[in-house]
Every structure is written in C-alpha cells, then in structure tokens.
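Chemist: Spelled out from the first residue to the last, the chains are:
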Amino acid sequence: MSDLSSRKLSRRKLITTGLAATAGAAGLGVAAHLAQEYGLVPPDHRGIYGLGETLTYASQRLLTRHSLAREFSSSQISKPPFANQIDPLTDEFKRLQAGGFADWRLSVNGMVARPASFSLDQLKSYPSHTQITMLQCEEGWSYIAEWVGVPLSHLLDLVGVLPQAKYVVYVSMEPNTWDSIDMADALHPQTFLTYGMNGHELPVGHGGPLRMRLPRQLGYKNVKFITHLTVTDDLKKFGKGLGAAAPEFGYAWYAGI
Amino acid sequence: MARLESAPVPLPACVPTSASAIPAATATPRHSALVRVTHWITTLCFFALLISGFEIVISHPRFYWGETGNDLTTPLFKLHIPSSRSLVPSGYGYVLPDQNGWSRYLHFQSAWIVVLTGLLYVSSLFFSGDLRKNLFPRRADLSWRAFSSSIADHLRFKRPNAAEAWSYNLLQRLAYLFVIFVLFPLVIWTGLAMSPAFVSAFPLTVTSLGGQQSARTLHFFVSLALLLFLLAHVAMVFLAGFTNRMRAMITGRPGTPTERT
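For the record, the sequence lines run as chains R and Z.
To get the working numbering, take the position in the first sequence, counting from 1, and add 11.
To get the working numbering, take the position in the second sequence, counting from 1, and add 48.
To be clear, the hints were calculated from the coordinates, so they are not data collected in a lab.
Worth double-checking, as some hints may not be accurate.
[Stated by the list, open to error] Calculated cross-link-like contacts (lysine-lysine; reagent style DSSO-like; alpha-carbon spacing at most 27 Å):
hint	chain 1	residue 1	chain 2	residue 2
1	Z	Lys206	R	Lys90
2	R	Lys177	R	Lys251
3	Z	Lys181	Z	Lys206
4	R	Lys177	R	Lys247
5	R	Lys105	R	Lys135
6	R	Lys24	Z	Lys181
[Stated by the list, open to error] Derived list of chain R stretches under chain Z, where covered just means 3 residues or more per stretch with a C-beta under 8 Å from a C-beta of chain Z:
hint	region
7	45-53
8	85-97
9	116-126
10	166-175
Fair warning: this is a prediction, and the values are worked out from it, not measured in the lab.
All C-beta atoms, glycine included, are put in the ideal place defined by N, C-alpha and C.
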C-alpha cells in the first residue's frame, strides 16, 4: 500500500465520518423533537441521568403502553403481606381515623370539566374492581395481594378530563408526598384507587384508607393516603418541576423498570 | 476483510519510522479502534453497574426463589452484611446510608450504554469477520490435546510468547465467547425480568425463570460470574505484561522491540 493511497483512504474516511456525524446529529434532533411530541420524555430528563431515564421511559411507552401487569391466583397471595415502614401519622390523619374515615375526602381538580370531591362511601358505591397483583419494592422485596378499588379511569370519566390533559398528579396526606403519572398509566385498566386488600379494608400500614395502585410500577410510585388529584398538562408547576417528590430525593419519576 | 492476518514483520533498522512509511502489516492495529473504544466504554459501564448494583443489593441483602420474598418469608440465602434499610433483619445494630436513588439511575443508564455499545461490538464482530478470525477457536486448537495443553500452560502461569500478543489463545477465546454470548445476554435478560412494566408485555421472560425473585437471585449470580471474569481478565493482563497489553488496548499496538529504539 503506497503513501498516496493511504492518504486517499483517510480523506475518504474523513468525509464519510463527517457525513455520518452530521446525519447522526440531525437524526438525534429529529428524534428529540418526535419524542417530545409523542410524550416520550420524562419530567426528570435533565441532569446526568437524563439519557438513561429518557431511553427507559420512551422504550416502555413504545413497548408496554397497553400491556397488562401479571395477575396471580388467590393461592399465590402472600400471607401475611409485608408492609414497609410509614412515617408517623399526622394529627389530622389520626382525627380522621378516629372517625372511621367518614370525613375522608378525595378532591379532584385541574383540567377537568367538573371538579369534584368524593367521600370513601361514594368511591365504594362505584363498580369495584379486583386484581391479584404483585407489589415490588425498589429495595428488592415483593409480595402478592388482592386489591379492591375503583379504577382511576372511572373517576376521571366522572369529572370529565379535558383532551389536552397529559398527567395526573396525586397527593398524599403524608407531608411532602406526591407523585404523578402520564395519561397512559392514569387510564390503564389496572390503575386503581384502592380501598380494600385481601378481603378487608385497606390497612393503614398499607396506605389505607386510599392508596394509588399501579402494578406496573415499583412500590414507591404506589403512594399511600391519597386525598387529592390534579389533572394537568404541565408538571413544571408542581414542586421542583420533576413530576414527583421522589426525584427531589434522587429517585426516578418513572418506576416501571 | 482487507486486513492482514499475519504477525507483523519487525522493521529493518534502515527504514525511516515516520507514520506514513510503516508497512501495511504494522499499520494494522492489534485491536481496531472500534474494539478499543467499545472495550473502554464497557469497562466504565461495568464498574458503574458493579458499584450501583452493590448499593442496590445492600438495601435488601436477602435472596429468594419463586415469585415473591420479603422480610416475613424464608430467604434462599442472605448476605451477612449490614443493610441500608432499617427494617431488614441484618443482625447489625446500625443502618448504612441509603444510596438507592442515584444507584438506580446510574445502574439503568450504564445498562443502556453498555447494551448499545455491546450491540455495536457484536454486530461488528459478525460484519468484520472478527468472530471467526479472533474468537472462534482455530481449527488447529479443536482437539483435546490443544485444549489440555492450553490449560496446562495457564496453570503453570506460562508467559505468552510474542506471537500471542497478536492473537487470542484457546482459553481466552472460549472465555470471551462465553462472556459475550452467554453471561451478557443472561445478565440483561434476568435484569429485564425484574422490571414490572417490561414483564407486563413479555411475561414469559420472568415465568420461564421461575418468578420475579428467582430472576433477582439469578441476576446476582450472573453478576458474580461477570465479576469473576473481570478478576481473571485483569490478572491475565498483568501476567501477560501489563504495559504491553494496556498499550495494545489503548493505542492499538502492543510494544515491539523496534518501537523502543
């Protein structure tokens, strides 16, 4: 191989590399635009871990948008179910608990046609649904239980979600505890507001009287003691704009991995 | 394909050593740029996965078999180390700081990068012919005699000869093939089988392993196997000549006597 031909080779290489880089950059730009357009970018996409989170969330949305979490037989229910530690209960919670949660309210506002507030009895009067699914903690442990509740989609139908809505924010009675899900998860048939477990009322240790249940996401996304929902198209208005309290403590917003 | 397979011919002393004058045989690097770049990206990701994986494990250093497992059920085995969560009956009177948040972010980001890097590397293996040339055992090595002599050489810690700086020996080829086509696919599979959303779309990936906790336990063991490979790999690099081997994986060329002049 002569001096000349190797130089030619390197010039050709330079040109092809340049073209490939330009095409790559343009492709990335188009991909980013499409990802934003189709809701494939999670609210915690900034920062050093944004790349991984965006790849995970976008892939999950493309592959698993409508898939159903695995359901189990009643013989597979864990006895007894393991409850993780909860923070000390607030005085207001204790007051409501003393009254048998008769005064517990779930309020719904934001991008809805008819903002509303529901008592537990009202929630229980709607057609109840049951699922035997697994709860997986991000720590590594898990259990299977039977959950009874009203699908979130039923409630969203009642209040009339506006077409431009993108997320549902849910707030706990526990201080500084709130989270959000996109409409794909909010309207998913297994996303429940849960009030019953294994044939009983949902115990306080498991988030009773009302817990968000998302069997396709890890335990910490299944927030306990739900009192409030806000339907929105922009998560930047909430907290630090990361979509939930969890990312403010370093935990991913999307917990389907 | 145009690459020359023969070992390089040492340069005669009279040849000027400017880059353009090096014959094609030596101009062909020991490891192509793609192999070198993917190797070091994989190295970085592997350490990130190892550290973050360990941090995740210490939040619940108990392992189970089947679908479920928690502090109330009997573990298959547990690691006798302190935990980063207070509820775990670790037997230690103290709790380590919780590092799960960034560990999980880092774990999945590194996993993405290493999987994409691995796909690039493996497809290049097929397209460049390196798979047959560099990783499949040479025809001459396909005998028990060659296999046992390669094992004997390793057991005697025999230093490789100069020609071996330009190709992989039999055990090396088998080890790399096992890591690339068995351990890496297994660790990705068992990892994905722990994801509640992923298995909702592909339930067979977890049921075939015996359940979500089985997948976690297997993920742990496959990671251990990869760690063992890493230790052996680094030990062999030292044994074969650290400077020479590192140089080959960084610059593409192992040190040769002529280069030292």
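Chemist: Determine for every hint whether it applies to the structure shown.
Modeler: How the hints compare with the structure:
1. Z:Lys206 / R:Lys90: violated (58 Å)
2. R:Lys177 / R:Lys251: holds (18 Å)
3. Z:Lys181 / Z:Lys206: Holds, at about 24 Å.
4. R:Lys177 / R:Lys247: It holds: about 12 Å lies between the C-alpha atoms, which stays within 27 Å.
5. R:Lys105 / R:Lys135: Satisfied, since the Cα-Cα distance of roughly 22 Å is no more than 27 Å.
6. R:Lys24 / Z:Lys181: holds (24 Å)
7. 45-53: Our answer is that it is violated, as 0 residues pass the Cβ test (under 8 Å) against chain Z, missing three.
8. 85-97: holds (count 6)
9. 116-126: violated (count 0)
10. 166-175: violated (count 0)
Hints 1, 7, 9 and 10, counting from the list given before, are not met by this structure.
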